[in-house]
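With chain A fixed as given, assemble chain B onto it according to the hints.
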Amino acid sequence: MIPSDAGLHERSPYNFGYLNEVTKRMLRRAILKAVSIPGFQVPIAGHEMPLPPGWGTGGMQITAALIGRSDILKVIDQGADDSINATSIRRFFARVSDSRTTISTREATIIQTRHRIPEEQLSNGQIIVLQVPLPEPMRSLEPSETVTRRLHAFQDYGMLYVRLYEDIVRFGDAGGGTNHPVLVNGRYFVAPSPIPAFDNHKLDRSPALMLFGAGRHRRVYAIPPYTTVENLSFDDRPFVARKVEGRCSLCGSSESYLDAISDDAGMRGFVCSDTSFCATRRDRERMGGGS
Amino acid sequence: MLVAIRGGEQAIENAERLLAERRRGDPAIPELSIEQIGEQLSLAVDRAMNEGAIYDRHAASLALKQAQGDAVEAAFLLRTFRATLPRAGYSEPLDTASMQIERRISPILKQAPGGQFLGATYDYIHRLLEEKSPDGFEPLISSRAESGPISAPHVADQLACDGIAERLPSAEPKTHVSDITRDPVMHPANRDLRLQSLAKADEGFLAGLANSTLQGYGQNFPLVTEIRVGDVAVDFKIPELGFAVTIGYVTLSECEILNKRLDAQSAEPRFTRGYGLAFGCSERRAMAIAVNDRALRGRELDEAVQCPIEDEQFVLSNADGVEAAGLLQSLKLPHYVSFQAELKRLRDIQAALTQRGEDAL
Numbered sequence: 001m002i003p004s005d006a007g008l009h010e011r012s013p014y015n016f017g018y019l020n021e022v023t024k025r026m027l028r029r030a031i032l033k034a035v036s037i038p039g040f041q042v043p044i045a046g047h048e049m050p051l052p053p054g055w056g057t058g059g060m061q062i063t064a065a066l067i068g069r070s071d072i073l074k075v076i077d078q079g080a081d082d083s084i085n086a087t088s089i090r091r092f093f094a095r096v097s098d099s100r101t102t103i104s105t106r107e108a109t110i111i112q113t114r115h116r117i118p119e120e121q122l123s124n125g126q127i128i129v130l131q132v133p134l135p136e137p138m139r140s141l142e143p144s145e146t147v148t149r150r151l152h153a154f155q156d157y158g159m160l161y162v163r164l165y166e167d168i169v170r171f172g173d174a175g176g177g178t179n180h181p182v183l184v185n186g187r188y189f190v191a192p193s194p195i196p197a198f199d200n201h202k203l204d205r206s207p208a209l210m211l212f213g214a215g216r217h218r219r220v221y222a223i224p225p226y227t228t229v230e231n232l233s234f235d236d237r238p239f240v241a242r243k244v245e246g247r248c249s250l251c252g253s254s255e256s257y258l259d260a261i262s263d264d265a266g267m268r269g270f271v272c273s274d275t276s277f278c279a280t281r282r283d284r285e286r287m288g289g290g291s
Numbered sequence: 001m002l003v004a005i006r007g008g009e010q011a012i013e014n015a016e017r018l019l020a021e022r023r024r025g026d027p028a029i030p031e032l033s034i035e036q037i038g039e040q041l042s043l044a045v046d047r048a049m050n051e052g053a054i055y056d057r058h059a060a061s062l063a064l065k066q067a068q069g070d071a072v073e074a075a076f077l078l079r080t081f082r083a084t085l086p087r088a089g090y091s092e093p094l095d096t097a098s099m100q101i102e103r104r105i106s107p108i109l110k111q112a113p114g115g116q117f118l119g120a121t122y123d124y125i126h127r128l129l130e131e132k133s134p135d136g137f138e139p140l141i142s143s144r145a146e147s148g149p150i151s152a153p154h155v156a157d158q159l160a161c162d163g164i165a166e167r168l169p170s171a172e173p174k175t176h177v178s179d180i181t182r183d184p185v186m187h188p189a190n191r192d193l194r195l196q197s198l199a200k201a202d203e204g205f206l207a208g209l210a211n212s213t214l215q216g217y218g219q220n221f222p223l224v225t226e227i228r229v230g231d232v233a234v235d236f237k238i239p240e241l242g243f244a245v246t247i248g249y250v251t252l253s254e255c256e257i258l259n260k261r262l263d264a265q266s267a268e269p270r271f272t273r274g275y276g277l278a279f280g281c282s283e284r285r286a287m288a289i290a291v292n293d294r295a296l297r298g299r300e301l302d303e304a305v306q307c308p309i310e311d312e313q314f315v316l317s318n319a320d321g322v323e324a325a326g327l328l329q330s331l332k333l334p335h336y337v338s339f340q341a342e343l344k345r346l347r348d349i350q351a352a353l354t355q356r357g358e359d360a361l
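Protein chains in written order, with my numbering: chain A, 1 to 291; chain B, 1 to 361.
Please note that the accuracy of each hint is not assured.
When the alpha-carbon atoms are kept at most 30 Å apart in a straight line, the in silico DSS-like pairs for lysine-lysine are as follows [stated by the list, open to error]:
| id | chain 1 | residue 1 | chain 2 | residue 2 |
| --- | --- | --- | --- | --- |
| 1 | B | Lys344 | A | Lys243 |
| 2 | B | Lys344 | A | Lys202 |
| 3 | B | Lys332 | A | Lys243 |
| 4 | B | Lys65 | B | Lys344 |
| 5 | B | Lys332 | A | Lys202 |
Just so you know, the hints here were simulated from the structure itself, not pulled from any lab data.
Next comes chain B alone, as it looks inside the complex:
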């Protein structure tokens, strides 16, 4: 008798066990600790936090370990963890102008008010693979400890005051800000929803799209106004107290760009702006977000939407790495019923055409 082969509970359990074995690798090699991942693979942790949409270094390190270092799987683990957490409330708007700066550059200015700080960057390091681990380094005596925390005003704010850059509407505390974890993303989507979606998008996809527009798909070639990386206080208004208190600090990377396309709508034409913000030391990500943000403002600024990066439905519905990987990999699920149905249709059409051919003879 013919019996259909099926996988069951036992197969899933075996897969789980095999995976645990693979994850651990050779037991003769010492196991990685969560702390080691958090300290020594910190940029992978930052990316997992961004795409996992949660600021939790411990959880992100754990997720990376559980996911064998796979960035998409780690983000996915963090998302499902986050989906179960109740929302305690919303913080006060972050004041990135008061950021305790570790790195800050403004490529459009030779001298920026507040100073330029290279910080910890790969930018001017020769990328040569070295077998011997760079453990012979001399610890840097931090000049920051002597000078105290550094903060500086935003370059773009100064440019807006000088009538060069677009002036943003002032942050009205009572304005309703959408929340993609609670409200469905509907098209057309406003900038708050777009920026939130970009914040957790796949970095490779965002970088690719940003690259497309630098290569000429759309008129979105930008100049970087400022990049800053550092710690920002999170203030939360405690209802019982009636005022906001600082409940912690987050490390953020922020990027602002200028676009030479002018705001045609306003009476006084100015350079338009794009904005990107990311958790941790993630300035490439913040830059990609800023370029995407500016390109997606076509509807708002009355520009023609012509290229993929300018089409908000295209960008927002494809940018999420966890979602894209999920749909792609769902092709591995059984499809024999649909295949059978489509096959039957094909056979019927073929038979009808053959019949028609024979009738014509």
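The shape of chain A in the complex, shown without the other chains:
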């Protein structure tokens, strides 16, 4: 399934995909383990990538371990292909591998992303690689790694529910900003990375494989295709995915996640955060109008 690409790449002084083959094997083993135990955080050894830790190096390590010559890579940051960090990561993989890159969600075999899941329906065989700053959903409640590991082992998630209860009592709010914890396969709670809660439903029974990489914290975890994913919530206080009301001023979409923008005159409006989704809609409209 994953082509092996040993040997020096002709255009780059580095190995294909930058990492050496021994490191890739270590990462692939960790990824296989993560897929076998959905939602479990698998430790990996630390490896520096040419971007600073905290800038997507966990995602980059997964991508580097998986990418082969037949892959087509898409990189987005905040949903945008042309965001500066996405551009920088895409340039890096174009430099150290022969793989093609794309901005089309449909065409991509690997999509590395920060803080968003594409709007378009993902398909069988696609791999979504999410960059994760903090892999532990209970870290803000319990600083000790030893303790949180034990809590996961005993499936003791009381503190997550207590925090949710306190939020409801104090703010009348059942969470749902970003990084809202999800229960994977009815077993492990995971941090979905700081995606807006609007995106959480896309994790549930997705046909695509979702891989999460935390570079600084050296963890990999996975949501395999078609796995049940539930939001942290109470039965009588259901989870609400919020979204601003408005329309994209470029493509007119009201269903997609919107970014607020304003021009120099202070005029405010919205555009799709998913640039590829927005462009596809506009293309379709143009072609439809022309015929």
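Just chain B now, kept in the frame of chain A:
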């Protein structure tokens, strides 16, 4: 129409070009050579090698030049270079007792067996900034050349034999030593993983933590048993030969400390020990590592873990300068999606509270 402003490929290329210009500075001033950096800024090179976790003076000099002298950036460049190198194998354990000593002091002894050598140190030099470069010095006729290489046994070994200092388990060659470049650091972490993590940690952070415990955060006030700086042979077992040969020498700084806290577990109470080792002439670093090492041994010695320096997860997960700088600076990445989502939540909560207030009236 409203258009979101985005940076792209062109912006990155321009930034790269501008940076190259800044790095070079005024073209009328001669460019620094790698050799000049290696020879004349050797302590900066040593620090880059330590925090870059690779013993390569040329690469470290190059990294410092490319990083405009920034220690964290230089270490980062060395780390990414190192991450691509295959591992050829593991050397034999270094024998620092056979170090060819350039400097060696033992502050707890008036006379140390093997002698005390001040070596090249800033310790007793008055730190006065001088405009004129000290180029009028007379070269020192090295007494070492006459007397040959000096080596001396470790003071701490003698103290252990005398029943004063804690006795270390003898180095069993077959014992598995963890490797942080291959094994994940899991908590609780054993001493091999801790010492490896401390070896590449940010020196300022280690010195700060060491200072915290000297100031009373934890009972870890130490005495320095010995500091030594010099060259040590690296022996590597060649499979085809079946025996080890010396493949090179590395300059190392080593520090051993004693802690007056006694080992409560053993039948015969003794002073406990801490250990620090660093590349190059880096004795401040080796001392900081030794103090941190001792403070982190609480679990092993059945002591209460109460202060930041004694908490291994706190120390190990924050001590790496490259990692800390990376996460801190990742706040510069775009966060408009998360901000938007949190803002929406805030507005909803505010609206709900206003509604509640109106309903109460």
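- [ ] Hint by hint, work out which the structure violates, then give me just those numbers in ascending order.
- [x] 4
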